[in-house]
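Asker: Residue-level listing of the chains:
Number of protein chains: 2
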Amino acid sequence: MSAAQSDPGSASGPDPLRNPLPDLAQALRDAAAAVKVELDQLLAPVAGPQGRVLEAMRYASLGGGKRLRPFLVLESARLFDVPRASALRTGAALEMVHCYSLVHDDLPAMDNSDLRHGRASAHKAFDEATAILAGDGLLTRAFGVLADPDTHPDAKVRCALVAALAHAAGSDGMVGGQMIDISPERAQLDLDGIKRLQSMKTGALFTFACEAGAILGQAEAAARDALLGFAGDLGLAFQIVDDLLDAEGSAEDLGKPTGQDEALGKATFVGQLGNEGARAEASRIVKDACARLEIFGKKGSLLRATARFVLERRS
Amino acid sequence: MSAAQSDPGSASGPDPLRNPLPDLAQALRDAAAAVKVELDQLLAPVAGPQGRVLEAMRYASLGGGKRLRPFLVLESARLFDVPRASALRTGAALEMVHCYSLVHDDLPAMDNSDLRHGRASAHKAFDEATAILAGDGLLTRAFGVLADPDTHPDAKVRCALVAALAHAAGSDGMVGGQMIDISPERAQLDLDGIKRLQSMKTGALFTFACEAGAILGQAEAAARDALLGFAGDLGLAFQIVDDLLDAEGSAEDLGKPTGQDEALGKATFVGQLGNEGARAEASRIVKDACARLEIFGKKGSLLRATARFVLERRS
Chain A
1 MSAAQSDPGS
11 ASGPDPLRNP
21 LPDLAQALRD
31 AAAAVKVELD
41 QLLAPVAGPQ
51 GRVLEAMRYA
61 SLGGGKRLRP
71 FLVLESARLF
81 DVPRASALRT
91 GAALEMVHCY
101 SLVHDDLPAM
111 DNSDLRHGRA
121 SAHKAFDEAT
131 AILAGDGLLT
141 RAFGVLADPD
151 THPDAKVRCA
161 LVAALAHAAG
171 SDGMVGGQMI
181 DISPERAQLD
191 LDGIKRLQSM
201 KTGALFTFAC
211 EAGAILGQAE
221 AAARDALLGF
231 AGDLGLAFQI
241 VDDLLDAEGS
251 AEDLGKPTGQ
261 DEALGKATFV
271 GQLGNEGARA
281 EASRIVKDAC
291 ARLEIFGKKG
301 SLLRATARFV
311 LERRS
Chain B
1 MSAAQSDPGS
11 ASGPDPLRNP
21 LPDLAQALRD
31 AAAAVKVELD
41 QLLAPVAGPQ
51 GRVLEAMRYA
61 SLGGGKRLRP
71 FLVLESARLF
81 DVPRASALRT
91 GAALEMVHCY
101 SLVHDDLPAM
111 DNSDLRHGRA
121 SAHKAFDEAT
131 AILAGDGLLT
141 RAFGVLADPD
151 THPDAKVRCA
161 LVAALAHAAG
171 SDGMVGGQMI
181 DISPERAQLD
191 LDGIKRLQSM
201 KTGALFTFAC
211 EAGAILGQAE
221 AAARDALLGF
231 AGDLGLAFQI
241 VDDLLDAEGS
251 AEDLGKPTGQ
261 DEALGKATFV
271 GQLGNEGARA
281 EASRIVKDAC
291 ARLEIFGKKG
301 SLLRATARFV
311 LERRS
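Respectively, the protein sequence lines represent chains A and B. Each step along the first sequence adds one to the number in the numbering used here, with nothing skipped, and position 217 is 217. Each step along the second sequence adds one to the number in the numbering used here, with nothing skipped, and position 140 is 140.
A couple of the hints might just be wrong.
Since the list can't tell identical chains apart, any single copy or any two copies may satisfy a pair.
[Claimed, not checked] Each computed DSSO-like pair below joins lysine-lysine, with the alpha-carbon atoms no more than 30 Å apart: (1) Lys124 <-> Lys298; (2) Lys195 <-> Lys156; (3) Lys266 <-> Lys66; (4) Lys156 <-> Lys36; (5) Lys266 <-> Lys287.
Hints in this document: simulated from the structure, not taken from any laboratory.
Isolated chain A (complex conformation) (with noise of 0.2 Å):
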C-alpha cells in the first residue's frame, strides 16, 4: 500500500474526519459534500477582472475543513424538520462567514500565517490585497444569502437569521474575540478572561449555528434555550481542544502551524489548567453539552456525537 493511500487525505491536505463515530463521519462527509455544492453554486465564477475576487472567495471557502458549522445548522434545523435546502444555504452563508474571517486572522498584520487547510494561505496564493478584498466579499455575500427569499419563505425568520449572525460575527462576537486575541491584554488573561475571549471569538459563530436551526424552524423558547446552552458548551469544548491540539499536535496533522500559542506567550486554556486538567475540562463540557440535548430524545444523536467528536478529534 502506497502512502497516498495509507493517508487519504495526503493529496489534499490532512483528513479532517479522521476518527468521528461511524454514523457521525458519513453525516459529516455527505454534509461537507453539500456545502461545497452549495458554495459553488453561490460563489459562481465571473469573468472579466473582477473575476479575480471571486477566485479567491472560492479558493478561501472551497478548500476543505471539516464544516462543521454548517454540519450544525443543518442537524440543529432537522430537529425542528426544516427542509434541508433552507439550512443549506444557511450553513453556506454561515461557512462564508467562517472562511472570510481565517483569510483576515491569516493576514500579516493579524496571526501572519502562511498555511491554511494544509496549503498557502489566501494572501499566500493570492496576494494581501485580493485577500483582504475576499474576506470583505464572503462576509458581505453571506448576508445577501440569508436575505434571500430562496433562504426561507418568511421574512421575518430571514432577519431573524441575519440580525443573530451579525450579532454571532461583529464587535460583541468574533470581531471583538480577535480584537481581544491580538491585544497586549491577551498575554494576561485569567481563566474567565480567556473563556470570555473564547466565547466571542470561536463560540459565538457556533452558538449562531445552533441558533440557526431554531430559528429557520421556529422553534418554542425551550428548545432554543437548549441549543444555544448546547452550542456554548461545543464551543468551549471544542477551544479547549483546539488549544491541546497546538500544544501536543503536529503541522502535518492539523494542515497549520502548531506551537503558536506558546510561541506568542497567550495565556491558553492547556496553559491554566495543564494538559491533563484542560481534557478533563473539556470532558466534563462535553458531557454537559449532551445533557442539554435531552428533550430532543433520539433525534439528537448526532449532536451528541459531534460534541463526542470534538472532544476526540485529532485536528
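Since chain A is already given, all that's left is putting chain B on it; use the hints.
Answerer: Just chain B, lined up with the frame of chain A:
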C-alpha cells in the same frame, strides 16, 4: 478675524460643504449632524480589551466626510414620506459600509494612504490589524442595523434592504470594483471599462442610497426606476469630478493626497477626455440626472441641487 474663523474646517480638516447652494448647504449640514448622532448611538463604546475595535470603528465613521450617501437616503425616502427615523438608520448603515470601504482601501496592501478626511487614516491612528477588524466590524454591524425591527416594521422591507446593500457592496459591486481598481488591467481600461469600474466601485453605493428610499417607501416601479437612473448618473458624475479634483485639486482642499491617479498610471475620465472634456461630460450627465426627477416635481428639488453640488464641489 482669525484664520480659524475664516476657515471653519481648519480645526478638523477641510470643510466638506464649501460652495453648495444655500438651501442644500443647510440640509446637508442637518443630515450630516443627524447621521453622526445616529452613528454615535449605534456604535456605543464598550469596556474591556475588545473596546479598541469599537474605538477604531468610531474613529473611522464619526470623523468627517460629506455624508452624501446617507443624505441621498434621507432625500429619496422623503419623496415617499418615509418616517425620518427609518431613513436615518438606513443612512447610518450605508455610511458604515462606506467608511469600512475607506478603511480597507487605505491599508498599505491596498491604496496605502495615510491621510483621510484631513487626518490619519485608521491604520495610522491605530494599527493595521485593528483597522482590518474595524472595517469588518462596521460592515457586519451595517447588516445588523438593517435587519433590526427599529429600521422598518415590515420584515420584507428590511430583507430587501439587506439584499440590496449586500449586492451593492459585494463582489458584483463595490468589492468587485475595488478588485478591478487594483488589477494589472486597470491601467489599460478604455472609457467603457472606466465607466464599468466606476459604476461598481462608487456607483453601487450611490445607487443603493437612492434605491433604499424607494424600498423603505415601497415605491412603485416608475418612481423606483427614476431614482435608480438618477443615482447611476449621479455616481458617474461624482467619479468624473473626483478624477478632476485628483488632477487639479490640492491635498489641503481634499483632506487626502492628490495626483494619485497619474502617479499610479491609472486610466481615468480625465485621461480619456481631457480636463475640459471630462467637465463637459459631467455637466451633461448631471443635466440628465435632474431631468429624471421631473416625476417628483418640487419634492425632488434638493436631490436636483445635490446633483449640481456634486458637479461644482471643490472637495
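Asker: If a hint holds in the structure, say so; if it does not, say that too.
Answerer: We went through each hint and held it up to the structure:
1. Lys124 <-> Lys298: Intra 45 Å, inter 55 Å, cutoff 30 Å: neither.
2. Lys195 <-> Lys156: Classified as neither; 32 Å inside a copy, 38 Å across copies.
3. Lys266 <-> Lys66: within (25 Å within a copy, 42 Å between copies)
4. Lys156 <-> Lys36: both (27 Å within a copy, 29 Å between copies)
5. Lys266 <-> Lys287: Within one copy, since 27 Å is at most 30 Å while 60 Å is not.
The structure does not agree with the numbered hints 1, 2 stated previously, though it agrees with the rest.
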